[in-house]
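Using our numbering, the first residue of the sequence shown is number 347, and each one after it goes up by one.
Think of the hints as simulated: they come from the structure by calculation, not from any bench.
Even glycine gets a Cβ: it sits at the ideal position worked out from N, Cα and C.
Take the hints with a grain of salt, since some may be wrong.
Claimed, not checked - Calculated pairs, DSSO-like style, for lysine-lysine (alpha carbon to alpha carbon, straight line, at most 27 Å): (1) 471 to 377; (2) 471 to 515; (3) 482 to 350; (4) 350 to 498.
Said to hold, decoys possible - Estimated spans, in silico, between C-beta atoms of each pair: (5) 416 to 673: 41 to 49 Å; (6) 410 to 350: 28 to 36 Å; (7) 397 to 609: 28 to 36 Å; (8) 495 to 676: 38 to 46 Å; (9) 539 to 599: 15 to 23 Å; (10) 390 to 609: 40 to 48 Å.
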Amino acid sequence: MIPKTYDVVIIGGGPAGCATAIALHNLGITKVLVAEGCDYSRIRIGESIPPNTRGLFSRLGLWQAFAAKNHQRCLGSYSSWGSNNLGFNDFLFNPRGHGWHLDRLAFDRFLADEVKSRGISLLCKSRFRQLSCDRKQYPINITLDVDKAGAKQELRCRFIVDASGRPAKVARCMGASVKTQDNLVCVAGYFHQKQLATDLLLRHMTLLEAVESGWWYSAHLPGERIIIAFASDGEIIRDMQLKQPASWCQALKQTRHLSAALTPGIMPSRLYHWAAPSALLNPPAGAGWLAVGDAASCYDPISSQGIYKALHTGLEAAPAIAAWLNGDSRELELYRQNVAETFIRYLEQRAYFYQLEQRWPAADFWRKRQLNLSPYRGEVVTPAM
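Full structure from sequences and hints, please.
Right under this line is the structure:
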């Protein structure tokens, strides 16, 4: 089989990969393929995005289309952090308006449809297998698995984008490594709106509540559902058996504010858990490739920056790729530097935020995060292009 050729191949069709493809199209680069491992049918955890995400949608040319989807409005947040009292931060006077509780499945499908509507090739159920490089006109040779029977698709391209998320599969093939600064684990359950003792507290707001062993978070989701998640160290979750519904619910009952919003005696049918690291790809770009979204850097979920970062890195990546295709590597070097500097600023903000909580200075969870305040443990490698 003769490999198909593209200027750019993007591995991963989530928000970061789709944003990169759309931003490239806006720059006139249309010989692009997005390879996505799923078919946009798997249920995804909902997320809240801040009001300033509107600016990113506008830069991508997606604002009107996104607004028409009528995602649930997020009017602000409650938090009990550093105090037993419940603080309130609303978006009422934010010049950018309100935020949104995303229906992630619908949102990811929306971005994929926008990619296809622009004539960009989108190949679903295609998983990255391997790559190799040579000195041909299209120097990067990519192998994808396209079905469970072992069928493969061979591609060649001039530039490859890693939008594969935390695994960063492409970047690792290019010799990059992931430097992890912290590694939270989240355990979450879903509740129906009818299971709330009051819907005023959670319906249009997010809620963040710190406890001795970590912190709790809740947000409204489509279908009148509420997600409630607990974040802590893996050791604490193991020792407290918080992957077991009974133990998790018992811990939830001990919260001061969140438990008050729930009807007594309810329990989720099952729990979901996932790793939530703070990590930086080192380096996040190199000759003929770069990473976007969580493949480039992962943030603590307390920052609520996952989707915003995915769209932003896609927008920033496009001009760097365009310059590289035209023989100029300076924009790629600048992109790499910006990803690293943004990550360091994030760590500084995260350290400041965790430092605000002083109610349990001897607790392992808080002591670990308040002693580990160095901006970045590790040097960002910047090999010559």
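Verification of the supplied hints:
Distance restraint check for residue 471 and residue 377: the Cα-Cα separation of roughly 20 Å lies within the 27 Å cut-off, and the hinted pair is therefore satisfied. Among the hinted pairs, residue 471 with residue 515 is consistent with the structure: their alpha-carbon atoms are about 16 Å apart, no more than 27 Å. A distance of roughly 14 Å separates the Cα atoms of residue 482 and residue 350; the hinted pair therefore holds under the 27 Å criterion. Between residue 350 and residue 498 the CA atoms are separated by roughly 12 Å; this keeps the pair inside 27 Å, and the hint holds.
Restraint check, residue 416 to residue 673: a C-beta distance of roughly 45 Å satisfies the suggested window 41 to 49 Å. Between residue 410 and residue 350, the C-beta spacing of about 33 Å keeps the proposed range 28 to 36 Å intact. Our hint of 28 to 36 Å for residue 397 and residue 609 holds, since their Cβ atoms are close to 32 Å apart. Between residue 495 and residue 676 the beta carbons are some 45 Å apart, a value that agrees with the proposed interval 38 to 46 Å.
A hinted range of 15 to 23 Å for the beta carbons of residue 539 and residue 599 is consistent with their spacing of about 20 Å. Look at residue 390 against residue 609: about 26 Å separates their beta carbons, and that is not inside 40 to 48 Å.
Checked against the numbered hints above, the structure breaks only hint 10 and satisfies the rest.
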